[in-house]
Amino acid sequence: MDAWILTLVTFFPIVGVIVLLFLPKERETAMRWTALLTAVITFVLSLIMLAGFESSDPDLQMVVRLTWFSIGDLHIEYFLGVDGLSILLVLLTTFLMVLALLSTWTAIVDRVREFMIFFLLLEVGLVGVFLGMDLFLFYVFWEFTLVPMYFLIGVWGGERRMYAAIKFFLYTMAGSILMLLAIIWLGLDGGTFSIPDLIKAQAIPANLQFWLFLAFAAAFAIKVPMWPFHSWLPDAHVEAPTAASVILAGVLLKMGTYGFLRFNLGIFPQASVRLAPWIALFAVIGILYGAAVAYAQKDVKKLVAYASISHLGFVMLGLFALNLQGLQGGILQMINHGLSTGALFLIVGMLYERRRTREMDAFGGLWKVMPIYAGLTLIVTLSSMGLPGLNGFVGEFTILLGSFGSIAIGSEGFAILAAVGVILAAVYMLYMFQKLFLGPLDNEKNKRLPDLNRRELLTLVPIVILIFWIGLYPRPFFGLTEASVEKVVQLVSSAAMAMR
Amino acid sequence: MTAEALFSLAPLLILFPLLGLVVNIIAGRRLGERGVGIVASAAVGLAFVIAILQFIALRMDPSGATIHIADWIVIGQLEVEWALQIDTLSVTMMLMVTGVGGLIHIYAVGYMHDDVRFQGDPSRFPRFFVYFNLFIAAMLLLVTGDSYLTMFVGWEGVGLCSYLLISFWYEKGEDGIGNALAGKKAFVVNRIGDFGFIIAMLITFWFFGTLTFEEVFNEAEAMGAGAVGAATAITLFLLVGAAGKSAQIPLFVWLPDAMAGPTPVSALIHAATMVTAGIYMLVRNAALLEIATVTPDIIAIIGAATALLAASIAVARFDIKRVLAYSTISQLGFMIAAVGIGAYVAAIFHLVAHAFFKALLFLSAGSVIQGVEHGHHRADSHEEHFNPNDMRVMGGLRTRMKATFWVYLIGALALVGIPPLAGFFSKDEILADALLVSPAVYWVLVGSAFLTAFYMGRQILMVFFGKPRSKAAEAAEESPAVMVAPLVVLAILSVGGGLINSPGLLPLTHFLEDTLEGLREPEFVAAVAAISTLLAVLAIVLAWLVYGRRPMAHDPVRRLGSLWTAIRHRWWVDGFYDWLIVSRYISLSHWLAEVADEQFLHDWVHDTVIARSFVRATNWLASVLDLRLIDRGFDGLGALTRRGAGGLGALQTGYVRNYAVAVFIGMVLVVSYLLLS
Amino acid sequence: MIPGVSMTHILILSGVLFTLGTLGVLIRRNAIVMFMSIELMLNASNLAFVGFARSMGALSGQVFVFFVIAVAAAEVAVGLALIVAVYRSRSSIDVDRVSDLKG
Amino acid sequence: MTVEFAIFLSLAAVAVGASIAMLVSRNAVYSALFLVIVLFAIAVLFLLLSAAFIAMVQVAIYAGAIMVLFLFVIMLLGTENVESEPSHPWQFATALVLSFGLIIQFLIVANGLPGESGGDFGEVAEGFGSPAGIGTLLFEEYLIPFEVTSLLLLAAMVGAIVLTRWERSK
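Protein chains in written order, with this note's numbering: chain D, 1 to 500; chain C, 1001 to 1677; chain E, 2001 to 2103; chain B, 3001 to 3170.
Possibly wrong hints are sitting among the right ones.
[Stated by the list, open to error] The calculated EDC-like cross-link candidates involving lysine to aspartate or glutamate, where the alpha carbons are at most 20 Å apart (straight line), are:
1. D/LYS447 <-> C/ASP1121
2. D/LYS200 <-> D/ASP57
3. D/LYS447 <-> C/ASP1175
4. D/LYS298 <-> C/GLU1598
5. D/LYS368 <-> C/ASP1175
These are calculated hints, taken from the structure and not from any lab test.
Please construct the entire structure, taking both the sequences and the accompanying hints into account.
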């Protein structure tokens, strides 16, 4: 069991795909249930994985390692493993998948079968990215996620869906090419594609690390997206259907930050130390820029999309603080962002389903007609702007703390500027809340809007519970990641020592 | 019961209000207004009982205790716990918060009953008490948190409640959105203060390696001179936080707007408790302030300046609550100044006394407002834009609302500092200390005290004396007992509150000595008391001369000319901020969004630079290769491809047998190759 | 012992039958006859298998024939079904009438 | 010339002759019947080559089941006669040329067999080719392929049903 649980978690959605293929085409409800059930079982499987996870062990666990095929002496392996850096992300993925599927119940009405199939395939790719420990396998999963997402945006998206889908595809593809070259180089040079082996070897000279770091960073920075590579994100979000937006923001973007964490810090620690101030600079620009631009948006979804850019700036700043607090905060903030931004997209989706518009000017005073909706939105909004006691604060504060005292970043100025971002977050988040919920209820079309139904409550309440849980007692979450993060910190600091 | 056992009850302090709010969220609709009010008030009442128990425990064991509840954030060196610190300072605050808070809760049951009907949404009644209980819980966490970070949770929590309660009637106010905007303004300005608080925490952690108050102070003491720079930086940033929360220069602009909330909110949050959090926080950090160099001076200057500035603005206000709001800012300035000159006990003393009489003033103002509102409805006058807060529509209420008049008068005299009311002792202690430390601060404060007496005299005369200036005022009626009873209790406290630290006995000073080390014993300076009392009386007389003698059409002080214009426009501070920051930020963000992001990055870079150059590059390559190849006599690349494709296409006949032949040919060839090799 | 008959003979016969089979596939237009020719080719290979099994004394060759027959059965089932389906849409089983894939 | 060689030769002649007849007969039914003859001839050859079980299978499945299926389909569709002549002029010529090449190749291969398998067939063990022997091999060494075959047949069955199912809606 232990050895195969990761394979199960990764590939179980395929079972759902097969069942979906055989369902008669008029039985759409059965398709929805099949997909949902598959996602739930996958989530349960990931919980079983969690139960077997030993948090004090910093190395990979539950490893499956078989030779897939060989090119000469170079083995390409089927190599799955989980450690503290990835376990939370796997759980986040399987968790959000369930909620995202719940949100599609009435939102997706045409080509249900295809939608569900793409969605489950997307889950395979995403989980595979976080579990794949062979560079080649990782790359396969990495690119694989593009395909379902491309279709999800391109088929079920809004008016300019093709434009957005192609842009999304091309941007991320362009970044991946450089990464592929770097992967091939690494494999040929190091004689292995195994990530832990490459990390252990640390055999790459510093100046070469620099270029390889940049090649990987190109792929990841576009995915995150870091300023100024973000221009695909608002398009993709605005056009994508709600469920795809949730996964796009909640999980897909984390592939980028996870990539930085796993590859750039692990394989190129010296380059990481050297480039940390630059990454921090771009992260801080992203924080402030995203916050300022979000404030000027008229479309709620776009506002949330730019807010994502700002939040992911925090994650990057935390990761490249290269100390314990920064990294821990960065990882937790990935989860927080997944939860709160995921919830925000769900919330926007619910509104869109009712009114078929996302222009903020069309709303106002919704609190009066939809009090439960407003209350939950308030909590999510507050979590997103980092109110203490909710999850966002724990992440943001530890990131600020880490980056303020970071030797690698080298200047307190970045953390102080990032803290300004906290003020700006309040500005745009409260602006959004005010535009939607406060003020007089003067639009006739809004006077009859129904409050949340049970299914919608079911999609939001689990997130809200987690928001409180992480905010009030984040110990279990930090505990899962601690050992692995300590290992990374040691690796990086010994690299920093070696540079001196 | 041992002290230890009593201390261990401390978590209940926060638990009770939380419980109350949970009950009201779940069952608020079913409980009815009475039930909701009882649950909420009982929750705070129980918290008050716990606070008294803590006080008793402290009499047994003055050193206090730290109650650990659970871990919070533990990463490497960073160890922050959910822990409550019980010492004399926090108990003083919690007694005040739960005591005054409880009274205001009771008052609010009566007030909100009418308010939700005037505003037209009775279903919002339970929500008010949910927020109120949440506020009490957050405030208690703020005063009991044992580290900067736990304090910060309460700090932001009260800010959140303030936001929610200011925009409680979110569809009302100017253009229907005024209240919501006021709430947002309060939150954002508070966030600017929080920014300072956060930076202070970051410095503290990286300098002292911990965020727990006790450890930081011990460490700072041990380091001695080595900690001066850090302590100065930390306290300066903390000052930013305090300025935000306690509405000091330059961040005071949110508090007057916050009057958009229902009156009990103004009393509880924006007068008695939340706004004093900044003072509490600075006093908590007395150990650092003692070490720091520049900060105390800056604090004293800011406090004194705020006191004077706000007092001057209050003179020209017509909204009954706004007068009180500026008065609050001014009094907070007194307290901040007291912290700056090292008179920590005086600051806390004034904080508590101020909580009594300012809560009293606000609540009675609420009573006045509702009285007038009732009158408005009874008189059945259909004036558009009737504003029950406007003092110009009042007058002569002395006879119609007797109880309210008397308690208002007591509150006002206490604020003005007429002996032997509470305000006299507490203000005097500050002034006496100020004279010792810095005469300049002293004179500024005396000036503001004079203005205070003047605008309070003006207010009382405008509201209660003279003839009614509107039909509503003529028909005004007294408030119900549930509202008057808390007023009476607060009035008693305002009268006797001075006893808390009466000269000679100094119970508060001795009480706080257990927490704050090296306190000076304040002296009662008779000359100071005499001067301020004399000035107060003088100011009241002046007010009577100006306002009391004849019916008022225009404000007589208008004759001050440009000075009047300045204070009428609040010294243009709001406008200046709008011009300097708000509109700049809005245009910046629009510029970034529309020009930098949309037009430049999105459209130009993507569509023009990337997409079009790609097309252009391919065209260029194609045409150049094409031409060169033709020049050399070859077919063009495109033509070649096309022809090749055409040729290959012909092979694709679609006839399966042709394909079979092809396979067959291949097979024969492969076998031949194998045989021959 | 089969005196006078050698593997060479069997292989030649097998080759001839196989060639005839391919010829049938290539020159006949009737899909069913083409199919029969394919069966002939399979039989030719079966013959070679059995021959080799005999000559090398390895029973595996015969097992393979068994599998080939099973596969042939499956193939016939699907193939004939395809022919029926094609006939339904074209009313003919002339393979030259089916050329939708023409490029 | 041994008896066995004579038998082989006659069987070969029958098989080749029937094959050619199958190829040239215009009527598909005749083609099918000629193919049956070929299959029988090959079955006898199997017997000669000590493959009794396979010979039985050949007769039962090929000559029995498969050919009946062919005949069924021919009758069902009523398409005994389709073509008159090849529609592609060069197709016939190419096919002949290639077939000639293929025959040559087979001859080369057959003549070039290595020594031990080039000579006459020798003795084999008792029970070689018996159902017992094949059964043991099938269920031990070739168990998984055997099971896969059953899956394959199942799939073919489902496939055939799906393909031939008459859509009621049309």
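List of violated hint numbers, smallest to largest: none
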